[in-house]
Amino acid sequence: MAADVRKVPEYCYQCVAGPDLLQVKVENGVATEVEPNFRAAEVHPGGGKCCVKAYGLVQKTYNPNRLLTPMKRTNPQKGREHDPKFVPISWDEAFDLVAGKLNELRAKGLLDEVGYPRIAASFGGGGTPTYYMGTFPAFLSAWGPVDFSFGSGQGVKCYHSEHLYGELWHRAFTVCADTPTTRYVLSLGANTEASGGVVAAWRHAEGRMNRHLKRVQVEPHLSITGACSAEWVPIRPKTDPAFLFGIIHVLLHRHPREALDVPFLKDHTGSPYLVGPHGYYLREPQTQKPLLWDLRRNAAVPFDAPDTDPALEGEFTLDALELGADGETWNHTGVRAETAFAKLVRHMAQYTPEWADKVCDIRPGTVQRIADEFLAHAQVGATVDIDGETLPLRPVAITLGKTVTNGWGGYESCWGRTLLACLVGALEVPGGTLGTTVRLNRPATSRQASVRKGRDGFMEYPMNPTDKAHWAERPTVRNAYSTLVPLSANSPWSNALGPTHLAWLFRDGSPEHWPEVTPPDLWFVYRTNPTISFWDTAAIARRIAKFPFIVAFAYTIDETNWMADVLLPEATDLESMQLIRIGGTKFVEQFWDHEGFALRQPAVAPQGEARDFTDIATELAARTGLLEKYNRAINRGAACAPLSGEGYDFQLAIDCKHTSEEIWDRVCRAASAEVTGGAATDGLDWFRANGYRTRPISRRIWYLFLELRKQGIRFEMPFQERLLRHGVELGNRLHEHGIKWWDTQLGEYQALPACKDFPGIWEKDAALHAKGAEYPFWLVTTRSMQYVWGGNAGIQLMDEVSRNMRGHGGVVINTRTAERLGIAEGDLVEVRSYLHDTQGPAILREGIRPDTLLMIGQFDHWATPYAKDMKAPSMNSLVPMSIDLTDATGSAADLVRVSVRKIAA
Amino acid sequence: MTRWAMAIDLRACVGCQTCTTACRHTNATPPGVQWRKVLDLEQGEFPDVKRTFVPVGCMHCADPPCMHVCPSTATKQRADGIVTIDYDLCIGCGYCAVACPYQARHIVHEREFAYADGPTKSEEARFDEKRMSVATKCTWCVDRIDSGLAKGLKPGVDPDATPACVNSCIANAYTFGDLDDPQSNVSQKVRGTTWFRMHEELGTDPHIFYVWDEK
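Order-wise, the sequence lines are chains A and B. Everything in the first sequence is counted per our numbering, starting at 1 for the first residue and increasing by one. Everything in the second sequence is counted per our numbering, starting at 906 for the first residue and increasing by one.
Heads up, a few of these hints could be off.
As a list, the in silico PhoX-like pairs of lysine-lysine whose alpha-carbon atoms are at most 20 Å apart [as the list claims (entries may be wrong)]:
#: 1; chain 1: A; residue 1: 871; chain 2: A; residue 2: 902
#: 2; chain 1: A; residue 1: 7; chain 2: B; residue 2: 1026
#: 3; chain 1: B; residue 1: 1120; chain 2: A; residue 2: 214
#: 4; chain 1: A; residue 1: 289; chain 2: A; residue 2: 266
#: 5; chain 1: A; residue 1: 214; chain 2: B; residue 2: 955
#: 6; chain 1: A; residue 1: 546; chain 2: A; residue 2: 72
#: 7; chain 1: B; residue 1: 1026; chain 2: A; residue 2: 25
#: 8; chain 1: A; residue 1: 85; chain 2: A; residue 2: 72
#: 9; chain 1: A; residue 1: 25; chain 2: A; residue 2: 7
#: 10; chain 1: A; residue 1: 453; chain 2: A; residue 2: 289
#: 11; chain 1: A; residue 1: 468; chain 2: A; residue 2: 740
#: 12; chain 1: A; residue 1: 358; chain 2: A; residue 2: 756
#: 13; chain 1: B; residue 1: 1056; chain 2: A; residue 2: 7
Far from chain B, by Cβ distances over 12 Å, these chain A residues were calculated [what the hints assert, rightly or not]:
#: 14; residue: 114
#: 15; residue: 255
#: 16; residue: 286
#: 17; residue: 313
#: 18; residue: 349
#: 19; residue: 449
#: 20; residue: 454
#: 21; residue: 460
#: 22; residue: 657
For each label pair, taking beta carbons as the anchor points, the in silico distance ranges come out as [what the hints assert, rightly or not]:
#: 23; chain 1: B; residue 1: 977; chain 2: A; residue 2: 696; range: 56 to 64 Å
#: 24; chain 1: A; residue 1: 685; chain 2: B; residue 2: 977; range: 50 to 58 Å
#: 25; chain 1: A; residue 1: 518; chain 2: B; residue 2: 955; range: 53 to 61 Å
#: 26; chain 1: B; residue 1: 1118; chain 2: A; residue 2: 29; range: 44 to 52 Å
#: 27; chain 1: B; residue 1: 977; chain 2: A; residue 2: 869; range: 36 to 44 Å
#: 28; chain 1: A; residue 1: 696; chain 2: B; residue 2: 974; range: 55 to 63 Å
#: 29; chain 1: B; residue 1: 1037; chain 2: A; residue 2: 869; range: 23 to 31 Å
#: 30; chain 1: B; residue 1: 955; chain 2: A; residue 2: 822; range: 26 to 34 Å
#: 31; chain 1: A; residue 1: 369; chain 2: B; residue 2: 1037; range: 52 to 60 Å
#: 32; chain 1: A; residue 1: 90; chain 2: B; residue 2: 944; range: 46 to 54 Å
#: 33; chain 1: B; residue 1: 1118; chain 2: A; residue 2: 901; range: 40 to 48 Å
#: 34; chain 1: B; residue 1: 1118; chain 2: A; residue 2: 382; range: 23 to 31 Å
Treat the hints as calculated values from the structure; they're not laboratory data. What you are looking at is a predicted structure, and each value in this text was computed from that prediction instead of being measured. Just so you know, even glycine gets a beta-carbon here, dropped at the ideal spot from N, CA and C.
Construct the entire structure; sequences and hints are all you get.
Structure follows, in structure tokens:
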């Protein structure tokens, strides 16, 4: 019988929708069960629950396929076809190998001959590996320049366009509904119930059961979220902009203007700004401030003039200055100009709901009806009190999925969504569409603090410069984000928010007038498997095989570390220690009424020789002569929290090594002081027993509108003058250097975006490479909670329970389509793009469009134990990686044209 | 009297299988043996299609067919309605598994492991020889209920007295409690909503209530 039974508080941050707080039951030193941290229900907005993935952690700990000792490669040949012939080595030898290489590179210089960092690093989805890598960020900080631009699949696998445009328009690196308050959610492909984590599932379920929260799910197949929605609209892939534009048309042209939130549009957006004949704002010559037409004075006045009644629509005559790109100016006298809103109204006239129904291939009348519902639910004019502040109450929200926000059509979808919110005053207000995270602006800890007023009355944004004097002609990292994508800004996250696939694509040869993209001399890899999670994965594997020295922090063998030179087994989730911040507002639907810190701690001893990541980082710092810089970085806050503040100082001595426990004890003390205002300084022992420590916060931080209103800042909607100017300038710079291969992308910089034939981009691309073959189907993917954000493909329990959900492990095909093709349930089918093919059993469903196929998740494993035997189809090897399929933000989409045929019964 | 019952709100369930895994953890069932699991059902024809997630398991019927066919009296019913199996009496004949209209019973004759190499540490620590070659099924975590009651806790309210599936649910779809207590959460849920019971026409009087709409 169990003599020693303990319950150990932990967190799970395996997906970006975390963290979840949980407890692990440990019996006689063996972890046996996971359960919610019931006490945490007092602070956690998902009832203190943890999702299905957390229940895989026990198996993850004891998986017999784990690597439990450092290994080194003995076969110098790299590639899928070459067995690496790893052999076990001691930690001492492993550190000698890695530190030896690092010291050799440092002696050569931190940048290579082209100017790229010699060291690159790739970590997995959404920054979540940071919550498991202890103090390794402090080591990287001590090292100096590191190229994070290879990424791990983002650009297709993240909400790429949303990240960039979201930050620009409302500091919304991630966008979500104000679920606790909203009454109507229009979801275009956002698979919230599968990927929004516990908090999203909890809140939406509460809304469905108790508040008549209606969600309309618009997507080509009936996803998990579609199943939990009031209505499913089976839209043709990549026609989402048309759907949104049709709704905008209805609001602008088929309802009286006063049905919209006119005061919001006049006072809190750029709608009244006057636009000149060259497509830029008209400005007061002396101050260069954009002008609006004041109905009180019957004259043009600067946007920030006091006591105005701005004209929302109309055409006016005035004298003004117009500022174009690269300093071009026009001085107008008696120029006729209309407002940005009037231009919008005219621009959207062509996009009728009837047109949208046809483009989207949905039932006639759908777009008009949904537009009417959206407007009716918006409750324009209603207000609510939030902790003493009166705010608009607009319980309508729009959420977008990955394939909607990514690739061509992403800009138009993000713009359409944000504009719709503005038309009814539902952006960043209770019930409306909110951001939760800021990553490209600084500080990353506070959306409010990142808001500063720019010269035109909108929020400042740290665009990468495109003017001649400051444009980054030479990329500083291999994906060239600062050169090609002004919107990607220049924060620590910008590296990974650039066009990451260009770093891979150009490894096979740079395009015209572009510098060589060299392999990194050393590549760190942790909790990511780009050989599976990228697209055109066969090509990725070939390119990785050419990297000269790869250091992988490894759990099991996988398809990426197969090419590694050294494998370092780190103590995993339940074996190691780290303190993280929780609460506030961040990612997906993680907006809380509390903020603070939570501890992950060793519930059980590390298996084998697996070592705590913090101890690994410390040893690497010591052996590379970086210990002082490393300790200083920790003192500054590289490990969760600064170790000193007002009234407390727990800084580490900088000239010696500290154990993981010593470091985290100091961090815990500083965290206690921070969260209690200095009243408590409890350390590691306190957190070990209690798990987390928080303080209440006001919901006012959920709603950025308050900060904008306070600073007198307008949302930059609907007219995108700034984007237009940067696009023109970027084009000028590239053309000055003879670069023409980015011209199509430059076309995306439109002040009022047009709805294009987005599906046609993929259809034409397939036809161009078809060589006589036909690819009549769309292939799309979706996520399930068991595998969302990856990392657990080798866990048997996840495989077992995921198969209760229809679609895992096979190719989902419409029942009547299958019948027409002679395909029966379970038949082995081949799905082929012009790039590659994959096979799996047919799964017949009614809940998918007849012209669309679906594969869940990404499984193409050939090295990862257990996963390699699942024989599940994967679309990643079928999706081409090309400039043609890359949009201006540097993202592509999980979408490809394919054929399907039966192989065997 | 006490009559334990469960209500599952199908409007809330997201099919995540968290209850399935929580049950596998709490009851240490071997791979493939899911006393609780969530079905993924589809109705209608494109484009008028509905997809529904339906958690299933032992319904703890008031008139359980599994008990009637049991030749060894291993299957019994407690006064509080919970249908039990006495592993010492069960002969593993499988009659009950055939008789159960809910496919809620499982019999395993050979040890199964998550990975081919043998038991993991946690599987080894929790192996129970008494579970081999006998019928097993959901017990509504009867041990938790009984030990919780002994500590003065309230099943369905206090986690330590509540079935693991209920505790784990991330959508708050489950409600558990005493149907004979009109103030219990399950009584209020059943009273205030529209529900059905699975295969009610068979006369088993199942005690899981599937809520699908408000009253």
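The hints, checked one at a time:
| no. | hint | in the structure |
| --- | --- | --- |
| 1 | 871(A) / 902(A) | holds, 17 Å |
| 2 | 7(A) / 1026(B) | holds, 18 Å |
| 3 | 1120(B) / 214(A) | holds, 18 Å |
| 4 | 289(A) / 266(A) | holds, 17 Å |
| 5 | 214(A) / 955(B) | holds, 15 Å |
| 6 | 546(A) / 72(A) | holds, 17 Å |
| 7 | 1026(B) / 25(A) | holds, 14 Å |
| 8 | 85(A) / 72(A) | holds, 8 Å |
| 9 | 25(A) / 7(A) | holds, 4 Å |
| 10 | 453(A) / 289(A) | holds, 13 Å |
| 11 | 468(A) / 740(A) | holds, 17 Å |
| 12 | 358(A) / 756(A) | holds, 14 Å |
| 13 | 1056(B) / 7(A) | holds, 18 Å |
| 14 | 114 | holds, 45 Å |
| 15 | 255 | holds, 27 Å |
| 16 | 286 | holds, 59 Å |
| 17 | 313 | holds, 39 Å |
| 18 | 349 | holds, 29 Å |
| 19 | 449 | holds, 32 Å |
| 20 | 454 | holds, 41 Å |
| 21 | 460 | holds, 39 Å |
| 22 | 657 | holds, 32 Å |
| 23 | 977(B) / 696(A): 56 to 64 Å | holds, 58 Å |
| 24 | 685(A) / 977(B): 50 to 58 Å | holds, 53 Å |
| 25 | 518(A) / 955(B): 53 to 61 Å | holds, 54 Å |
| 26 | 1118(B) / 29(A): 44 to 52 Å | holds, 49 Å |
| 27 | 977(B) / 869(A): 36 to 44 Å | holds, 40 Å |
| 28 | 696(A) / 974(B): 55 to 63 Å | holds, 57 Å |
| 29 | 1037(B) / 869(A): 23 to 31 Å | holds, 26 Å |
| 30 | 955(B) / 822(A): 26 to 34 Å | holds, 28 Å |
| 31 | 369(A) / 1037(B): 52 to 60 Å | holds, 59 Å |
| 32 | 90(A) / 944(B): 46 to 54 Å | holds, 51 Å |
| 33 | 1118(B) / 901(A): 40 to 48 Å | holds, 43 Å |
| 34 | 1118(B) / 382(A): 23 to 31 Å | holds, 28 Å |
In summary, the structure agrees with every hint in the numbered list given earlier.
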